[in-house]
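Construct all of the structure, not just a fragment, from the sequences and the given hints.
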Amino acid sequence: MSAIATTLQSMLDSTAVHPWADLPSALQASIAQAIMPDASPDCVVYPSTVEHLAEVMTRAHGEGWRVLPCGYGSKLSWGGLAQDVQVVLSTQRLNRVLDHAVGDMTVTAEAGMPLAVLQQTLARQGQWLPLNPFYGDRTSLGGMVATGDAGSLRQRYGTVRDLLIGLSLVRADGQVAKAGGRVVKNVAGYDLMKLLTGSWGTLGLLTQLTFRTYPLPETSRTVVVTGSAEAIALLGQALLASSLTPTDAEWVVAPGLDWSATPAQISLVCRFQSIAVSVETQADQLSQMAAALSLPCQIYRDDAEATLWRAIAQQWDNEAPALTCKFGVLPVRAAQVLDKMQAMVSIDVAAINAGSGVGHLQVPITDDAAQCITHLRQLCNAQGGFLTLLRAPAALKQQVDVWGYTGNAIALMHGIKHQFDPQNLLSPGRFLHGV
Amino acid sequence: MVAATAGIDWRAIAQDFAQIVGDRHVVQRREELLVYECDGLTSYRQRPALVVLPRTTEEVAQIIKVCDRHHIPFVARGSGTGLSGGALPLQDSVLIVTARMNQILDLDLENQRVVVQPGVINNWVTQAVSGGGFFYAPDPSSQIICSIGGNVAENSGGVHCLKYGVTTNHVLGLKIVLPTGNIIDTGSKIPDMPGYDLTGLFVGSEGTLGIATEITLRIVKAPEAIHVLLADFTTVEASGQTVSDVISAGVLPAGMEIMDNFSINAVENVVTTACYPRDAAAILLIELDGLETEVAANSQRVEAICRQNGARSIRTAIDLQERLTLWKGRKAAFAAVGQISPDYYVQDGVIPRTQLPYVLREIEALSQQHGYRVANVFHAGDGNLHPLILYDNAVPGELEKVEDLGGDILKLCVAVGGSISGEHGIGADKRCYMPAMFSETDMDTMQLVRQVFDPQRIANPDKLFPTPRTCGEAARARAQQHFSDVERY
Chain V
1 MSAIATTLQS MLDSTAVHPW ADLPSALQAS IAQAIMPDAS PDCVVYPSTV EHLAEVMTRA
61 HGEGWRVLPC GYGSKLSWGG LAQDVQVVLS TQRLNRVLDH AVGDMTVTAE AGMPLAVLQQ
121 TLARQGQWLP LNPFYGDRTS LGGMVATGDA GSLRQRYGTV RDLLIGLSLV RADGQVAKAG
181 GRVVKNVAGY DLMKLLTGSW GTLGLLTQLT FRTYPLPETS RTVVVTGSAE AIALLGQALL
241 ASSLTPTDAE WVVAPGLDWS ATPAQISLVC RFQSIAVSVE TQADQLSQMA AALSLPCQIY
301 RDDAEATLWR AIAQQWDNEA PALTCKFGVL PVRAAQVLDK MQAMVSIDVA AINAGSGVGH
361 LQVPITDDAA QCITHLRQLC NAQGGFLTLL RAPAALKQQV DVWGYTGNAI ALMHGIKHQF
421 DPQNLLSPGR FLHGV
Chain E
1 MVAATAGIDW RAIAQDFAQI VGDRHVVQRR EELLVYECDG LTSYRQRPAL VVLPRTTEEV
61 AQIIKVCDRH HIPFVARGSG TGLSGGALPL QDSVLIVTAR MNQILDLDLE NQRVVVQPGV
121 INNWVTQAVS GGGFFYAPDP SSQIICSIGG NVAENSGGVH CLKYGVTTNH VLGLKIVLPT
181 GNIIDTGSKI PDMPGYDLTG LFVGSEGTLG IATEITLRIV KAPEAIHVLL ADFTTVEASG
241 QTVSDVISAG VLPAGMEIMD NFSINAVENV VTTACYPRDA AAILLIELDG LETEVAANSQ
301 RVEAICRQNG ARSIRTAIDL QERLTLWKGR KAAFAAVGQI SPDYYVQDGV IPRTQLPYVL
361 REIEALSQQH GYRVANVFHA GDGNLHPLIL YDNAVPGELE KVEDLGGDIL KLCVAVGGSI
421 SGEHGIGADK RCYMPAMFSE TDMDTMQLVR QVFDPQRIAN PDKLFPTPRT CGEAARARAQ
481 QHFSDVERY
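These protein sequences, in sequence, are chains V and E. Going by the working numbering, the first residue of the first sequence is number 1, and it counts up by one from there. Going by the working numbering, the first residue of the second sequence is number 1, and it counts up by one from there.
These aren't lab readings, by the way, just hints derived from the structure by calculation. All values derive from a computational prediction rather than experimental measurement. Built from N, CA and C at the ideal position, the CB exists for glycine as well. Some hints here could point you the wrong way.
To be verified - The calculated label-pair distances, taken between Cβ atoms and stated as ranges, are:
(1) Arg469(E) <-> Gln399(V): 50 to 56 Å
(2) Ala249(E) <-> Asp99(V): 20 to 26 Å
(3) Thr42(E) <-> Asp99(V): 35 to 41 Å
(4) Ala382(V) <-> Leu107(E): 19 to 25 Å
(5) Gln237(V) <-> Asp319(E): 29 to 35 Å
(6) Leu216(V) <-> Gln127(E): 36 to 42 Å
(7) Ser439(E) <-> Val97(V): 19 to 25 Å
(8) His418(V) <-> Leu109(E): 38 to 44 Å
(9) Arg469(E) <-> Ala26(V): 53 to 59 Å
(10) Leu216(V) <-> Ile144(E): 34 to 40 Å
(11) Glu32(E) <-> Val97(V): 54 to 60 Å
(12) Val97(V) <-> Ala249(E): 21 to 27 Å
(13) Gln127(E) <-> Ala123(V): 38 to 44 Å
(14) Ala274(E) <-> Ala291(V): 46 to 52 Å
Claimed, not checked - A few chain E positions that, by computed beta-carbon distances, are all more than 12 Å from chain V:
(15) Glu32
(16) Trp124
(17) Asn182
(18) Thr273
(19) Arg278
(20) Val346
(21) Glu362
(22) Asp392
The structure is reproduced here in structure tokens:
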């Protein structure tokens, strides 16, 4: 066993430190996706208390060990490749709900808490955290925050940054710090919740997170309308200009789903969640808008609706190698961009949120993948947007710019990274431009 | 620490500024500087050395470069309505006023985005987009006069933020002049750009990280229907319980406001709305908005919840005039208190909603103990209290005593798990209470950010965070110890 693993075992209990060689091969493969090829870390550590986690980080800081933070590893295949990682630090065992303030509608939980388990806990009190990120069945709260992955509910509820109201973290030097609080309205101090959301483990290890919760909606309907890009774009504009209040509204291309199987067609998938009279009215109004454009429309409810959303999630979640990108374009251009993408690549699944213009795209890996990414990125950039590579083979990630940042604040971002982590120990190289 | 400013040749600096913005837009005569010696927190006053009014990003950058070169602290000011002294000048500082930066740069209704300069008044945004059926959601009470730049600095809230969120939830992008004079762009019309969320970090940073010179806002579709319910209760507890019950029932009103008996009478004395019963322990205003059918149904549910909690009378307003009538007293609350007392000191603590009855009892006890009357007006839905402490500033020593009471109320808010500020900001007013909420390490971590943006500590220094010089020992933090060199009224 390596010196690092031995040292850590002497600090924690032996079950908390797993030397690399002892890991199941599936876990090895999963971690390998997050790091530069031809190198493997020494061990994976699972501290079960914040104190232990802080001790490990303090030691790492003293020894100069580079650390890859993670939760359940559901998104280790996303983003840039970390360099020379020695310790993989998982928050899996920090998985308690610390305080569900039912009447105040806030919840504080440890970062390793699985989102799905938290949702069950909240549901017992008639509440939920209205976020539906990728791999929602196995993502931890910390992983969701670190990647800023929100989901389609952003149409109504915003994203992680809008719902996260407080946090604690272990800094690169092992010190424990907090920001925000447990009340929904609070302007005291800098908003480190925003800074840490989407920081990809480069600034600190998230340990505790406080979210605003919402009451579970009474009932729900999903409306799916499919048609040509032009007609669907018009429908989308009519929807956004109306007083309807969908919780999810997305332009979707998903050839794997039967309602979307016709080539060159795009669907508008729209969910309404509220009291019964409201969702009925809204679903009716949207179907009338679709009828006015001679577009076929289907309304899903109850089990059929649940099945539909599961099917959509599954489109994104398969073992087969694929390229997954996150991108953004001006909302009004979204359907048109999706149409152009369809002409450029063979899409497994793609979706763009109507209100924000933020979307995701999954395509099979082809020989000209690097070129494809360049073209897709040009398309998004031309619409004022961006394109970031989430999942792709390591070789490709070494070949192209993963993040696609085009702004002028990179020096400032480097400055922040340097202040928080001067030795570059946390997720080194995983974030944009070596931040 | 603030950079030393001794021996500055202000005449030369004024000439530098005049070259950038023109003579007319550099204020240096003592009597003209008086206008700028305080913001909405009028109990602190400090004349700045110079005031400069730029019109463009480039001018702001050049001004700040001069400050940077000479290590001169600068303070940004919008309309000067802030209630925490965020725009209070410092001795030997430059006040950069954004009032001339008042252009709406881009009205993009299709994408539901508006790009504005920082001096644009909050209400202008809604006026500019209402024809298209949109509004700008954050609506601080001062919305007809406060600037968007100030809203960004303070992360302002308002009556409707329970449902719609505060400023930070509506700002998508910024052009920022850093305290070094460099210009960066953060975010854009499209959210989730790769990289750190510098936009989110900047909003609410109270002028300590630079000056935002272009702000990209998200606008929201105006609701189809609005109902306002006014209910009155014989106990404050019952009104607080109603708020909790409404939210637990799954109804998310646009806003919920409570006024206590003292505030009700202050308002009725001054504006005579004749809607708020003088003998009520509390009135509760609930605004519901959304689809017609939804609002109608929720309105009935809320009415039933009010009755279950013992509401004596319930009045529902649907048409605009009627709604304005019900709101009139609440909107006039601060002014009304201002008329029945020579001065008032307003606090901005936040508590978990369920602690409302307990906290109100404790505030009453503190009020008696300190011997000052407190009128309570608050955004009940999100637990944001605005206790108004009545006093007479002409009596020497009163302000100090009132600040002590205010401090005790803030500590009470923190003790029940809340915050010392919900929407007014920390500024000069509450920085010595930061240690009640945050440890040394917490604040050190925040300072890491400041160090990157402002290595010379010239952007609104001595605000937001305590320093030993201005707050003394944290454990004995007393509000009046900050700004010891500042004139006080």
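Results for each hint:
The hint said 50 to 56 Å for the Cβ distance between Arg469(E) and Gln399(V), and at roughly 54 Å that hint holds. Checked against the given bound of 20 to 26 Å, the beta carbons of Ala249(E) and Asp99(V), roughly 22 Å apart, stay inside it. Checking the proposed 35 to 41 Å range against Thr42(E) and Asp99(V) shows it holds: the Cβ atoms sit about 40 Å from each other. Checked against the given bound of 19 to 25 Å, the beta carbons of Ala382(V) and Leu107(E), roughly 22 Å apart, stay inside it.
Checking the proposed 29 to 35 Å range against Gln237(V) and Asp319(E) shows it holds: the Cβ atoms sit about 30 Å from each other. The supplied range of 36 to 42 Å is met by Leu216(V) and Gln127(E), whose beta-carbon atoms lie about 37 Å from each other. The hinted window of 19 to 25 Å between Ser439(E) and Val97(V) holds, with their beta carbons roughly 23 Å apart. Our hint of 38 to 44 Å for His418(V) and Leu109(E) holds, since their Cβ atoms are close to 41 Å apart.
For Arg469(E) and Ala26(V), the hinted distance range of 53 to 59 Å is satisfied, since their beta carbons lie about 57 Å from each other. Range check, Leu216(V) to Ile144(E): Cβ separation about 38 Å, and the 34 to 40 Å hint holds. A C-beta distance of roughly 58 Å is found between Glu32(E) and Val97(V), which places it inside the suggested range of 54 to 60 Å. In this structure, Val97(V) and Ala249(E) meet the distance hint of 21 to 27 Å, their C-beta atoms being roughly 23 Å apart.
Distance hint check for Gln127(E) and Ala123(V): the Cβ-Cβ separation is about 43 Å, which falls inside the suggested range of 38 to 44 Å. The supplied range of 46 to 52 Å is met by Ala274(E) and Ala291(V), whose beta-carbon atoms lie about 50 Å from each other. Chain V leaves Glu32(E) outside its interface by the beta-carbon criterion, the shortest separation being 32 Å against a cut-off of 12 Å. For Trp124(E), the requirement that its beta carbon stay farther than 12 Å from each beta carbon of chain V is met, with the minimum near 22 Å.
Interface exclusion of Asn182(E) from chain V breaks down, the closest Cβ pair being 8 Å apart, not more than 12 Å. The claim that Thr273(E) lies off the interface holds: its Cβ sits roughly 27 Å from the closest Cβ of chain V, which is beyond the 12 Å cut-off. Every beta carbon of chain V lies more than 12 Å from that of Arg278(E), the smallest distance being close to 30 Å; the non-interface claim holds. Non-interface status of Val346(E) relative to chain V is upheld: no Cβ of that chain comes within 12 Å, the nearest being about 15 Å off.
Against the 12 Å criterion, Glu362(E) stays outside the reach of chain V, whose nearest CB is about 17 Å from its own CB. Every beta carbon of chain V lies more than 12 Å from that of Asp392(E), the smallest distance being close to 30 Å; the non-interface claim holds.
The structure is inconsistent with hint 17 alone, although it conforms to all the rest.
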